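Q: In case you want the letters, here they are:
There are 2 protein chains.
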Amino acid sequence: MTVTYDVEGFYAGLVEHGLIVPVGVPGAFGRGAVFEDVLERFDALVRRVGAPEGAESITFPPIVDRRVIEKVHYLDSFPHLCGAVQSFFGDALQALALAERVNRGQDWGDLLGQTGVVLAPACCYPLYPTLAGTLPAQGRLVTLVGWAYRHEPSPEPTRMQSFRVREYIRAGSAEQVLAWRDEWLQRGLDLLRSLGLPAQTDVAADPFFGRRGKLLATNQKDQKLKFEVLVPVISLTEPTAVCSFNFHQDHFGATFGIRTAGGQVASTACLGFGLERVTMALFKMHGFRPQDWPASVRAQLWT
Amino acid sequence: MTVTYDVEGFYAGLVEHGLIVPVGVPGAFGRGAVFEDVLERFDALVRRVGAPEGAESITFPPIVDRRVIEKVHYLDSFPHLCGAVQSFFGDALQALALAERVNRGQDWGDLLGQTGVVLAPACCYPLYPTLAGTLPAQGRLVTLVGWAYRHEPSPEPTRMQSFRVREYIRAGSAEQVLAWRDEWLQRGLDLLRSLGLPAQTDVAADPFFGRRGKLLATNQKDQKLKFEVLVPVISLTEPTAVCSFNFHQDHFGATFGIRTAGGQVASTACLGFGLERVTMALFKMHGFRPQDWPASVRAQLWT
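These protein sequences, in sequence, are chains G and F.
Quick note on numbering: the first sequence equals residues 1 to 303 in our numbering.
Quick note on numbering: the second sequence equals residues 1 to 303 in our numbering.
Bear in mind the hints are in silico, worked out from the structure with no lab data behind them.
Please read these numbers as outputs of a predicted model, since none were measured by experiment.
A couple of the hints might just be wrong.
Identical copies look the same in the list; a pair holds intra-copy or inter-copy alike.
Unchecked claim - Result set (EDC-like, lysine to aspartate or glutamate): computed pairs, CA atoms no more than 16 Å apart in a straight line:
no.: 1; residue 1: Lys221; residue 2: Glu8
no.: 2; residue 1: Lys226; residue 2: Asp91
no.: 3; residue 1: Lys224; residue 2: Glu36
no.: 4; residue 1: Lys71; residue 2: Glu100
no.: 5; residue 1: Lys71; residue 2: Asp107
no.: 6; residue 1: Lys224; residue 2: Asp182
no.: 7; residue 1: Lys224; residue 2: Asp202
no.: 8; residue 1: Lys214; residue 2: Glu16
no.: 9; residue 1: Lys226; residue 2: Asp182
no.: 10; residue 1: Lys224; residue 2: Asp107
no.: 11; residue 1: Lys224; residue 2: Asp190
no.: 12; residue 1: Lys221; residue 2: Asp206
no.: 13; residue 1: Lys221; residue 2: Glu175
no.: 14; residue 1: Lys214; residue 2: Glu8
no.: 15; residue 1: Lys226; residue 2: Glu152
no.: 16; residue 1: Lys224; residue 2: Glu238
Generate the whole structure from the sequences, applying the supplied hints.
A: This is the structure we're talking about:
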């Protein structure tokens, strides 16, 4: 099968086959039953691969304590991506003014006030403060799945405002954490290749804001703090990151008071499989009808 | 077993048994593995009960097009519960001012602007615009599960800012929709009672804002537009709504151009099982250790 690359054709194909359901804003579409089935099966496959490590499991809602985002200086680096939750704190008269503004079709955001929560830009943010204190000798390993938010509306289907990530988070000594990260980098690559995806790893940088951000990105790449696994979905020359591996050094350990059994400030790392992106990569590579996918791929997902 | 009722004791018990993991803000806690297992098993039970109806399945992210919330006049009635998503649209200098504000520990919400999305106050809001057009003769039936947001931070564990609901949504003629709603009202009651929960139904009203809201609530009750299934979780005298059944008349049909096969404006209704609330009701009724639950309850969930 020859795979061709264009944004519009791929999006149209996903819609036509009922895999995604368009809504009025970009990057917030519904997922059809078949899309969701593949996504859940891939997530289950990742969990089977990760099962021998015996990670603890926690589920967080898509929101996070605003102070967590403030403490980790998220707004210094990614103000343009944040999704702060605001609500209405006024009285009856102000409520009337709000309703009038809305019903006149005018912006009404300035009549709201900040709540105590922000949409989680990555599903693991709520976890770090809960790791405060002294870790056991072997450190901690947690897995979670959740919805992440990034304010980057785009017609490109793999660039969503809201998407799910299966994450694994490791806290311990720098040696423990890095050894674990390296193992999973290979494991993630093998897993995606076993599904017939032409996956490659690369050193990567986060999409820091502005000119100062370019320096931060260069620094992050120089220190090899972020790796991605990439698969062509929208373009052959600019493959899509479907997995990312982030070494935080002792950034979260120092911020939230996480210490190793030996009393040092703990290091942390996280890795995440972008569930919608992997699902889209599978539809891109093998076609829109899972019943026609290669037997070797189906055998892994439909066990 | 004697069940006693107090907020602090129940919350402490949930935490002590690792069922929920506190975070820095109320109503946004993590769910432990055992809590999540029970929740997923209850959701699977609902889907088994609903399976013969053959509902279509769609999954939406926790956000919804802001215009949907505007068009249905949500802000007229529930401004205090809304969670609007705001982000940063400024330049490098403004980003610096934002970061300074954050790092000085001051509010920074006024430096943001409104995005095109709002947190879904109920998981079914994104669905209605996608039903636009003429329905088939038998109408439409859709099921979905998702995260809903309500800005009502509270130390009371069943009152969450972010929670999941398994919903069924019916669109068709008023007769089709009401007959379906009545069937599910009985089905929901039977289902919860079969799990040993002392469930009762009652006519209910939404928590409309302000003094005008009281009139709307009275009107809603008089017209029997909303029913709830309630189970004591926090208090014996004020049981908690774990299920709600809402008849929207032709409100969404008229707003989004949904028509019956006969050309009339369609009616819609939705019902939702509050997944965390039912899970908490089970822990309240049968104790914090599922392995000790009555065999008749376990048989339904651990099939």
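Q: Next, verify each hint and record whether it holds.
A: The hints, checked one at a time:
For a Cα distance limit of 16 Å, the shortest separation of Lys221 from Glu8 qualifies neither inside one copy, at 32 Å, nor across copies, at 48 Å. With identical chains, the CA atoms of Lys226 and Asp91 are never at most 16 Å apart, being 47 Å at best within one copy and 26 Å at best between copies. For a Cα distance limit of 16 Å, the shortest separation of Lys224 from Glu36 qualifies neither inside one copy, at 34 Å, nor across copies, at 35 Å. For the identical chains of this complex, Lys71 and Glu100 are inter-copy neighbours only, at 13 Å across copies versus 37 Å inside a copy, given an alpha-carbon limit of 16 Å.
In this assembly of identical chains, Lys71 and Asp107 lie within 16 Å of each other by CA distance solely across copies; the values are 14 Å between and 30 Å within a copy. Taking CA atoms no more than 16 Å apart as the test, Lys224 paired with Asp182 passes inside one copy only; the shortest distance there is 12 Å, against 60 Å between copies. Within a single copy, Lys224 and Asp202 get their C-alpha atoms as close as 10 Å, which meets the 16 Å cut-off; across copies the closest is 59 Å, which misses it. Proximity of Lys214 to Glu16 under the C-alpha cut-off of 16 Å is found in neither arrangement, the shortest distances being 39 Å within a copy and 46 Å between copies.
Within a single copy, Lys226 and Asp182 get their C-alpha atoms as close as 11 Å, which meets the 16 Å cut-off; across copies the closest is 54 Å, which misses it. In this assembly of identical chains, the alpha carbons of Lys224 and Asp107 never lie at most 16 Å apart, being 43 Å within a copy and 34 Å across copies at closest. With identical chains, the CA atoms of Lys224 and Asp190 are never at most 16 Å apart, being 21 Å at best within one copy and 57 Å at best between copies. Proximity of Lys221 to Asp206 under the C-alpha cut-off of 16 Å is restricted to the intra-copy arrangement: shortest distance 9 Å within a copy versus 52 Å between copies.
With identical chains, the CA atoms of Lys221 and Glu175 are never at most 16 Å apart, being 20 Å at best within one copy and 63 Å at best between copies. When the C-alpha separation of Lys214 and Glu8 is checked against a cutoff of 16 Å, the pair qualifies neither within a copy, at 30 Å, nor between copies, at 49 Å. Within a single copy, Lys226 and Glu152 get their C-alpha atoms no closer than 21 Å, and across copies no closer than 37 Å, so neither meets the 16 Å cut-off. In this assembly of identical chains, Lys224 and Glu238 lie within 16 Å of each other by CA distance neither inside one copy nor across copies; the values are 20 Å within and 56 Å between.
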